[in-house]
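K.L.:
Residue numbers (our numbering), protein chains in the order written: chain A, 1 to 68; chain B, 69 to 410.
Hints are supplied without guarantee of correctness; some may be wrong.
[As the list claims (entries may be wrong)] Subject to a maximum C-alpha distance of 30 Å in a straight line, what follows is the list of computed DSS-like cross-link-like pairs (lysine-lysine):
1) Lys81(B) x Lys27(A)
2) Lys204(B) x Lys27(A)
3) Lys168(B) x Lys204(B)
Hints were generated in silico from the structure; no laboratory data involved.
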Amino acid sequence: MTSNSNVSNMRRLVEQLKLEASVERIKVSQAAAELQQFCLQNAAKDALLVGVPTGSNPFREPRSCAVV
Amino acid sequence: MAADKAEMDVLKKECDGLRTQIEAARKGVNDGNMSSAAGSATDVGRVQLKLRKSLKGHLAKIYSMHWASDSRSMVSASQDGKLLVWDTHTGNKLVAVPLKSAWVMSVAFAPSGNLVASGGLDNMCTVYNIKAASPKTLRELDAHTGYLSCCRFLSDTEIMTASGDTTCCLWDLETGKQKIIFTNHIGDCMSLALSPDENTFISGACDSLAKLWDLREGTCKQTFSGHTSDINAIQFFPNGNAFVTGSDDCSCKMYDLRSDQEVITYQDASLNAGVTSLTLSNSGRLIFAGYDDFNCHIWDSLKGEKVGVLSGHDNRVSCTGVPADGMGVCTGSWDSFLKLWN
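Given only the sequences and the hints, what does the whole structure look like? Please build it.
P.N.:
Below, the structure written as structure tokens:
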């Protein structure tokens, strides 16, 4: 019983490795270039990179005081 | 018995052969790495974010937080036995959800904003309707045989969970039943992340591996190695073609899905603390990683350099998150505070 399940586990492992081996791979240099391009294309809209203007910062306490 | 042993030997040989084949294929496309490709990108300089708000309300360690899709509400979970929903613009608490089990490890906001889910050492994922007059338990998803480490909604009718029982699971919230069980990890699953198109997801586990899965077929499509200890955190790069992991081995790594391998490691000799959590800025250029050293360190994802730090917590940073509009970053800590920075 144990040896049967070991065998079936190994068979599953072989099938899984065959699946993973069949992946089409692109060159790392191409992948890295495309990731870099994405970052650069979106940099201007990234508030944490370019900064948030004081007047429109949603998390900042408003400077002016309200007259009660 | 002898026949079994013979078959085992054949299968083992086949496995070894396939592993060698995969490594060779990966090496074959490994013609450079991220930092060399990023040589032409301008430096980001020193990233100095200011603390804008400290959210006080939890009475014990915070384990998890998650932004709502409106980039304004946020839910946090603490082992004081409560989930708190915050309005981050005012700092006010909107909803408090008392938990049956205080040992919570993960919390999630549904994209609709109607539901939140949490779970932990109770091995369950409980879903609450927070739009009702008082928070109402909608479903108790009970089938995992280990702790719930992470949960993420696909919609109000489907949710993904990751568990210490080494599996991830897709649940139908209308029936409360498991739709698909994802098995392949050989260690506790610690974290999961949905791809932007929601056709796939990635998981990180204590077997030090990250895996890419087909969400509808239930199959593991790719396995990524490199870390030498538990992977605690995993997030997709915003275009869905890469992902970043954080590990107890004190490093973060970026893996590219299409070249099927690690493309850069983020580590520093002076950083000897495990990574607990991570999140990326909207362009993917900045990685905010929470560490056991009480800080959240900021990395330039392209150049692999440390470019800043968020200091202020008095204990381990356990969770981090950037909202959809990318306007800030939230850190949560065992010191019971959540902090908002931008």
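K.L.:
Within a Cα-Cα threshold of 30 Å, do Lys81(B) and Lys27(A) meet the stated pairing?
P.N.:
Since the Cα atoms of Lys81(B) and Lys27(A) sit roughly 28 Å apart, the hinted pair holds (cutoff 30 Å).
K.L.:
Holds or violated: Lys204(B) and Lys27(A), Cα atoms, limit 30 Å.
P.N.:
It is violated: about 51 Å lies between the C-alpha atoms, which goes past 30 Å.
K.L.:
What's the verdict on Lys168(B) and Lys204(B), does the C-alpha distance respect the 30 Å limit or exceed it?
P.N.:
This hinted pair holds, its Cα atoms lying about 12 Å apart.
Checked against the numbered hints listed earlier, the structure breaks hint 2 alone; every other hint is satisfied.
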